[in-house]
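Chemist: These are the residues of each chain, in order.
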Amino acid sequence: MEISELKKISDRSYDVALAKRNALEKARSRMLLAHGGHLFNADAETINLVKTMSDDHDSFYMLDANDNPVLIDSPQEFLGLLKAKNQEALNTYHQAYQQFTSIR
Amino acid sequence: MTKGVLTFCINTEFYRYDKIAHKTLPLLSRNLGLPVTVVTNSQTHDHLKDIEGIEIMVIENQTGNTIDGKPWHNLDRHRAYDMTPYEQTLLIDIDYFCYTDNLLTLFDTQEEFLVHDQVHDVTGNNTYDFRRNSSIPMVWATLVYFRKCVRSKSIFDMVAHVKNNYDYFCNLYRIDFKNFRNDYAFAIALQQLYGFGKFPVIPSKLATLPARAKVRSVDQQGITWEVNGQHGIIRHTDLHVIDKGVAHV
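Quick mapping for you: the protein sequence lines, in order, are chains A and B.
Just so it is clear: in the first sequence, position 41 is 41 by my numbering, and no numbers are missing.
Just so it is clear: in the second sequence, position 231 is 335 by my numbering, and no numbers are missing.
Derived from the structure by calculation, the hints contain no laboratory data.
Small disclaimer: the values here were computed from a predicted structure and weren't measured.
Idealized CB from N, CA, C, for every residue including glycine.
Among the clues, some could well be false.
What the hints assert, rightly or not - Footprint (simulated), chain B over chain A, 3 or more residues, beta carbon under 8 Å: (1) 33-45; (2) 62-69.
Said to hold, decoys possible - Below, simulated EDC-like cross-link-like pairs (lysine to aspartate or glutamate); rule was C-alpha separation at most 16 Å, straight line: (3) B:Lys309 x A:Glu25; (4) B:Lys107 x B:Asp233; (5) B:Lys309 x A:Asp43; (6) B:Lys302 x A:Asp67.
Unchecked claim - Computed Cβ-Cβ distance ranges for the label pairs, DEER-style: (7) A:Glu2 x B:Gln334: 17 to 23 Å; (8) B:Asp172 x A:Lys7: 46 to 52 Å; (9) A:Ala44 x B:Asp233: 34 to 40 Å; (10) A:Ile3 x B:Arg255: 46 to 52 Å; (11) A:Val16 x B:His352: 48 to 54 Å; (12) B:Arg236 x A:Tyr97: 47 to 53 Å; (13) A:Ala44 x B:His265: 49 to 55 Å; (14) A:Ser74 x B:Arg278: 34 to 40 Å; (15) B:Arg339 x A:Ser4: 28 to 34 Å.
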């Protein structure tokens with residue numbers, strides 16, 4: 001393959017990688033959720049913690065995104081909000097990702 | 105409880121911030137749906153009159169600061185606390201392009217004062233690695249959320265104190281940027297008032313288009329840019345645009 005062609009592929013790959021990074025960062029920004037006056041990231045870690053704790057606790061304490069302790073007294077409602085926010089953000093990211101993959 | 109956006113827009117002899125305001129303020133109004141108050145001076149005021157749906161507050165701004173040898177009218181930011189007509193305020197730079205409603209989340213918290221402490225360079229060049237430029241981590245005063253309360257009042261008053269003694273604080277914290285910069289003034293104020301420990305932040309990264317990237321187009325969906333022959337596009341993402349040439353795109 002000619003070096004000019006390789007250069008084109010390299011440039012295109014860089015553009016796609018950058019677009020993916022920006023789309024992922026956009027998704028992370030979109031995962032910010034306010035609940036009970038506190039800020040949370042609706043990411044996998046938060047969802048897993050809330051799911052795990054809610055398995056055998058009607059209420060429990062956890063840290064918000066700024067390390068403030070928070071009493072979660074309606075875990076199922078909170079979990080539902082987290083999952084909805086997470087999937088909204090990742091659905092958008094998935095759509096963007098599919099476009100990037102198709103132009104690779 | 106009243107909520108709104110406060111922003112400063114003051115032209116210099118080199119830069120037409122009012123032209124940037126014509127692009128960013130409609131985005132703010134449309135995507136946040138909040139009242140917007142613009143703080144300006146009498147010279148810039150005439151250029152802002154045709155923007156619909158905003159309140160204008162005219163001040164006599166302080167002058168004397170520079171950046172890259174050009175005037176930099178950033179010395180009145182600490183007055184935002186007293187100026188804002190809102191109980192909950194988003195203080196936003198005029199070059200912040202708001203393409204989402206993400207910021208509304210901040211109004212639903214009990215936090216009294218929030219800033220970004222992380223930035224995301226959308227060109228992928230990691231332009232803003234300032235770890236070695238001072239002995240304290242910088243925060244980004246581009247976007248500040250605050251409530252009317254004693255805590256926020258004390259932070260803005262501390263910023264004023266830092267501003268008035270900036271050379272001293274620059275030496276104390278070994279800050280490379282010798283001209284007054286609000287980012288460092290707020291970082292110092294927060295360090296001082298939160299016991300030199302953690303302070304609440306906006307737990308996401310401030311998406312930023314650095315100065316080297318030249319904006320090529322702006323529309324209702326997003327922005328395209330060029331840097332070193334590389335073209336980029338970002339859509340439906342809030343973006344802090346440093347390139348002042350965006351005024352003329």
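Chemist: Does the hinted range 49 to 55 Å hold for Ala44 of chain A and His265 of chain B at CB?
Modeler: 43 Å, violated
Chemist: Per the hint of 28 to 34 Å, is the separation of the Cβ atoms of Arg339 of chain B and Ser4 of chain A within bounds?
Modeler: 30 Å, holds
Chemist: Check the hint pairing Lys309 of chain B with Glu25 of chain A against an upper bound of 16 Å on the C-alpha distance.
Modeler: 8 Å, holds
Chemist: Can you let me know if the beta-carbon spacing of Arg236 of chain B and Tyr97 of chain A is within 47 to 53 Å?
Modeler: 35 Å, violated
Chemist: Against the range 17 to 23 Å, how does the distance between the Cβ atoms of Glu2 of chain A and Gln334 of chain B compare: consistent or not?
Modeler: With a Cβ separation near 21 Å, Glu2 of chain A and Gln334 of chain B satisfy 17 to 23 Å, so the hint holds.
Chemist: Could you see if the CB distance from Asp172 of chain B to Lys7 of chain A stays within 46 to 52 Å?
Modeler: Check failed, 34 Å falls outside 46 to 52 Å.
Chemist: Cβ-Cβ distance between Ser74 of chain A and Arg278 of chain B: within 34 to 40 Å?
Modeler: Given about 48 Å between the Cβ atoms, the range is violated.
Chemist: CA of Lys309 of chain B to CA of Asp43 of chain A, is that 16 Å or under?
Modeler: 15 Å, holds
Chemist: Could you tell me whether the CB distance from Ile3 of chain A to Arg255 of chain B stays inside 46 to 52 Å?
Modeler: 60 Å, violated
Chemist: 48 to 54 Å was suggested as the range; check whether the CB atoms of Val16 of chain A and His352 of chain B agree with it.
Modeler: 30 Å, violated
Chemist: Hint check: Lys302 of chain B vs Asp67 of chain A, CA-CA at most 16 Å. Holds or violated?
Modeler: Holds, at about 9 Å.
Chemist: Are there at least three residues in the segment 33-45 of chain A whose beta carbon sits under 8 Å from a beta carbon of chain B?
Modeler: holds (count 6)
In terms of the numbered hints stated before, the structure departs from hints 4, 8, 9, 10, 11, 12, 13, 14, listed from lowest to highest.
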